[in-house]
Amino acid sequence: MTRLLALDTTTEACSVALWEADGLVVYDHTLEPRSHTRRLLPMVESLLAQAGWSLTQLAGIACTRGPGSFTGVRVGVSAVQGLAYAAELPVLSLSTLDVLAWQGVQTQPECRHWQVAMDARMGEIYCADYDWDPATGLHRTTPEQLLKPDRLTLLAGPDVGRIGAGWALPELAATGASVDAALPHARSVAAWAHELLGRDLADWQPPHQLQPVYLRDQVADRRPAAGG
Amino acid sequence: MRVLGIESSCDETGVAVYDTERGLLSHALFSQVKLHAEYGGVVPELASRDHVRRLLPLVDQVLAEAGLSRQDVDGVAYTTGPGLLGALMVGAMAGRSLALAWGVPAVAVHHMEGHLLAPMLEAEPPAFPFVALLVSGGHTQLIKVEALGRYELLGESLDDAAGEAFDKTAKLLGLPYPGGPELARLAEQGVPERFVFTAPMIDRPGMDFSFSGLKTAVRQAVARLPTPLSEQDRADVALGFQTAVVRALEVKCRRALQATGHRTLVVAGGVSANTALRAALDRMAAKERGRVYYPDLRFCTDNGAMIAYAGAQRLLAGEQVDSAVTLHARWPLTDLQPPGQSAGQAA
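Just so you know, the protein sequences line up as chains A and B, in that order.
Residues 1 to 228 in full-length UniProt numbering are what the first sequence spells out, letter by letter.
Residues 1 to 347 in full-length UniProt numbering are what the second sequence spells out, letter by letter.
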């Protein structure tokens, strides 16, 4: 029986889910800004208590490793590192963009092509494109990227789904495309982990290998080390 | 009780295990100094990113060196402030999560209380009550310490911290970041009294400090020298600067001992490693029939051992925090309470 703890803290939302082989068991989330450090672990504790599970009964912990808010990503990654290390559990490190694409597939399975765009702040988006086929599964067809919205190539066609808060940015909203400006959540993290496990694609890792993926790596200006 | 301590408030990832019966079992530190050197100062985002990379391997290392398995930890202590929020968050979230999964108590530690108690890790620890001089790149404070958590501020810097003044003066002299320790080494080659800078605020009553005026005086003196500065000029200026800082610290420490009637002075923080400062304070304390206690040189700068120790004292007294992690960029030491009288966190 595969029991999973799943969590996501990569955006302004913060959510936790417990998942068993046949589906979601319990779920909680909050949208309160800057509350992730205060809310995440009490949510984990309370859901485990509700389900009557202990961490040691889990097959592992799944979480989004980014992209997303730098701080948000680190809240989740640091927590999962600690939980998994202490409980001696393996970790499933998932792309936030992949999780959002799977979130879209769950709501609109008829869409065979997906464009995911998250709000990366500073007028940019984190994005990736996907193909979806019930037989072969969901596959990313581009690298995960940090882009100015006007650099995004819009896919055309009736079977294109678009998901993510990046689509609410003015430049993309102006395209008039039909979109779901959803934030990622832990239910989808668990569901995507479950999908990967079912297709034998789950790449379990030891907790120290769980590391954030930021995509935006230019975060400081180099200056002369001395003088001036 | 074996306590895992985690420090990540700035640019050092420190982890240690302290046993309340056997003392410090192991400690490990990863310093990010090289990472930040090319930026001329700590870049908070890069610091946070590095803490996430370093933390678990360091936990693994200290448990292995202590000969412990993961189940042998009885409590977890982690720094929750003051410091860089993003950096604090990494150690605090990981630390609190470890405690949750192990089912052991956790305690939130004030970074400066960690520094203040670092001399307690020594074979001959000081006893309460005492006067503490906390002197680092971020703080210059004189504290009256009656007991764990009973702190009264006697004086502090009105502008730059002493360590900050060391770093800024080092930069002025063209020394690579972080220049404070380098400046102290350079001062050893200096000719005494070629440059005499007034020790700031010693002619005024009270126990406050000010170091920004001294920095300006040094800049003016340097501007009058031929460029590029010769090695001897730089050494002489460095010595003049250091002498003035040490004098100011010495005078205010003596006043603090006299004002409180305490005989014990505890000096902690990065600048407490400074040899000239130690010599001057030892001389002063001898005249006052007192004694000065310093941390081991390894525990003057940020480290996990002091956090493990401070956390262990509070855990022993029954203090613990729930799993909601609260962090404090600013957090006056005097807001702390003795164990049991607060949740270990600022209001």
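Note that these hints are calculated values from the structure, not bench results.
Note that the Cβ used here is the ideal one computed from N, Cα and C, for glycine as well.
Be careful, since some hints might not be right.
[Unchecked claim] Which chain A residues stay away from chain B? Per the calculated CB distances, all over 10 Å, these:
#1 Leu83
#2 Met122
#3 Glu171
[As the list claims (entries may be wrong)] Selected chain B positions facing chain A (Cβ under 8 Å, derived; list incomplete):
#4 Val43
#5 Ala101
#6 Arg185
[What the hints assert, rightly or not] Listed below are the simulated EDC-like cross-link pairs for lysine to aspartate or glutamate, each with C-alpha atoms no more than 20 Å apart in a straight line:
#7 B:Lys215 / B:Glu146
#8 B:Lys144 / B:Asp19
#9 B:Lys34 / B:Glu45
#10 B:Lys34 / A:Glu171
#11 B:Lys34 / A:Asp221
#12 B:Lys168 / B:Glu182
Hints, verified against the model:
1. Annotated as non-interface, A:Leu83 brings its C-beta within 10 Å of a C-beta of chain B; the closest such distance is 5 Å.
2. For A:Met122, the requirement that its beta carbon stay farther than 10 Å from each beta carbon of chain B is met, with the minimum near 13 Å.
3. Against chain B, the non-interface label of A:Glu171 holds: every CB pair exceeds 10 Å, the least being about 26 Å.
4. Hint status for B:Val43 relative to chain A: holds, with the closest Cβ pair at about 4 Å, below 8 Å.
5. Restraint check, B:Ala101 versus chain A: the minimum CB separation of about 3 Å is within 8 Å; hint holds.
6. Of the supplied interface hints, the one on B:Arg185 is violated, with its beta-carbon coming no nearer than about 15 Å to a beta-carbon of chain A, more than 8 Å.
7. Of the pairs offered as hints, the one joining B:Lys215 and B:Glu146 is violated, with about 34 Å between alpha carbons and a cut-off of 20 Å exceeded.
8. Between B:Lys144 and B:Asp19, the direct Cα distance comes to roughly 27 Å. Violation of the 20 Å bound is thereby established for this hinted pair.
9. Restraint check for B:Lys34 and B:Glu45: the C-alpha separation of about 15 Å stays at or below 20 Å, so the hint holds.
10. A C-alpha spacing of about 41 Å is found between B:Lys34 and A:Glu171, which places the hinted pair above 20 Å, so the restraint is violated.
11. Between B:Lys34 and A:Asp221, the direct Cα distance comes to roughly 15 Å. Compliance with the 20 Å bound is thereby established for this hinted pair.
12. About 12 Å separates the Cα atoms of B:Lys168 and B:Glu182, which keeps this hinted pair within 20 Å; it holds.
Of the numbered hints stated above, those contradicted by the structure are hints 1, 6, 7, 8, 10, listed in ascending order.
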